[in-house]
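Enquirer: Taken in sequence, the protein lines are chains A and B.
Note that the numbering used here has the first sequence beginning at 26, numbered continuously upward.
Note that the numbering used here has the second sequence beginning at 12, numbered continuously upward.
I should point out that these hints are in silico values taken from the structure, not numbers from a laboratory.
The reader is advised that the hints may include incorrect statements.
Restricting the straight-line Cα-Cα distance to at most 30 Å, the calculated cross-link-like pairs of lysine-lysine (DSS-like) are [said to hold, decoys possible]:
id: 1; chain 1: B; residue 1: K31; chain 2: B; residue 2: K75
id: 2; chain 1: A; residue 1: K128; chain 2: B; residue 2: K31
id: 3; chain 1: B; residue 1: K52; chain 2: B; residue 2: K75
id: 4; chain 1: B; residue 1: K77; chain 2: A; residue 2: K128
id: 5; chain 1: A; residue 1: K95; chain 2: A; residue 2: K128
id: 6; chain 1: B; residue 1: K52; chain 2: A; residue 2: K103
id: 7; chain 1: B; residue 1: K52; chain 2: A; residue 2: K128
id: 8; chain 1: A; residue 1: K98; chain 2: B; residue 2: K52
id: 9; chain 1: A; residue 1: K128; chain 2: B; residue 2: K66
id: 10; chain 1: B; residue 1: K75; chain 2: A; residue 2: K128
A quick note: this is a predicted structure, and the numbers were derived from the prediction, not measured.
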Amino acid sequence: AQTVTQSQPEMSVQEAETVTLSCTYDTSESDYYLFWYKQPPSRQMILVIRQEAYKQQNATENRFSVNFQKAAKSFSLKISDSQLGDAAMYFCAYRGFTGTASKLTFGTGTRLQVTL
Amino acid sequence: GAVVSQHPSRVICKSGTSVKIECRSLDFQATTMFWYRQFPKQSLMLMATSNEGSKATYEQGVEKDKFLINHASLTLSTLTVTSAHPEDSSFYICSAPRPEAYNEQFFGPGTRLTVL
Chain A
26 AQTVTQSQPE MSVQEAETVT LSCTYDTSES DYYLFWYKQP PSRQMILVIR QEAYKQQNAT
86 ENRFSVNFQK AAKSFSLKIS DSQLGDAAMY FCAYRGFTGT ASKLTFGTGT RLQVTL
Chain B
12 GAVVSQHPSR VICKSGTSVK IECRSLDFQA TTMFWYRQFP KQSLMLMATS NEGSKATYEQ
72 GVEKDKFLIN HASLTLSTLT VTSAHPEDSS FYICSAPRPE AYNEQFFGPG TRLTVL
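Please take these sequences and the hints and turn them into a complete structure.
Expert: Encoded structure:
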């Protein structure tokens, strides 16, 4: 079974600064997807970024980028130029490529605070 | 705009009563939907996979007789919490994978259930 680990329960960053959230995972599959989701106080889950394991290039979405290290099974999220609206819970998630492909396995989450 | 809706957004009920939560995919068909439960400050825990036209698949430890799932059509899944007790109070979230979007999971806004 796949597992996803987020070792940082809480992180804090100053506005306009950069912060990196850590995620590691365990799987025996060679092809899979990895995601970062944001859950603001409204509790609506919002997809931040997606990475396909077969792609060597790290995914980037505006101020959000990932550092995907397949051999190390590491998938960290970097938020640049942090904004107050980035304050939320962030969940790392894994999804297999085939079979029950759409089933997501979530990490325990990291609460990000953004200070002035 | 929202592609998955949930109704109601919050519900308060008396202990012993049953509560039905609806999850709808608004502009796509979903043969599969997922139901999650989230306790305060915790991650999303998958409860069950709802399958259109067949029985739901429950995760280990989830009582299928207590959490009844019906996938009535390609756009509607319902979760009924039967004989609710205070310990069933939680935040329930559904999601649906969108086939034309790499099976990306779109999440509903969630339902807060409070059992008195």
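Enquirer: Would you mind marking each hint as holding or not holding in the structure?
Expert: Each hint, compared with the structure:
1. B:K31 <-> B:K75: Distance of about 14 Å is within 30 Å: holds.
2. A:K128 <-> B:K31: Cα-Cα ~23 Å, so holds.
3. B:K52 <-> B:K75: holds, 25 Å
4. B:K77 <-> A:K128: Holds - the C-alpha atoms of A:K128 and B:K77 are around 22 Å apart, at most 30 Å.
5. A:K95 <-> A:K128: Holds, at roughly 20 Å.
6. B:K52 <-> A:K103: Measuring from Cα to Cα gives roughly 22 Å; hence the hint holds.
7. B:K52 <-> A:K128: Holds, at roughly 22 Å.
8. A:K98 <-> B:K52: At roughly 25 Å apart (the allowed maximum being 30 Å), B:K52 and A:K98 satisfy the hint.
9. A:K128 <-> B:K66: holds, 17 Å
10. B:K75 <-> A:K128: holds, 19 Å
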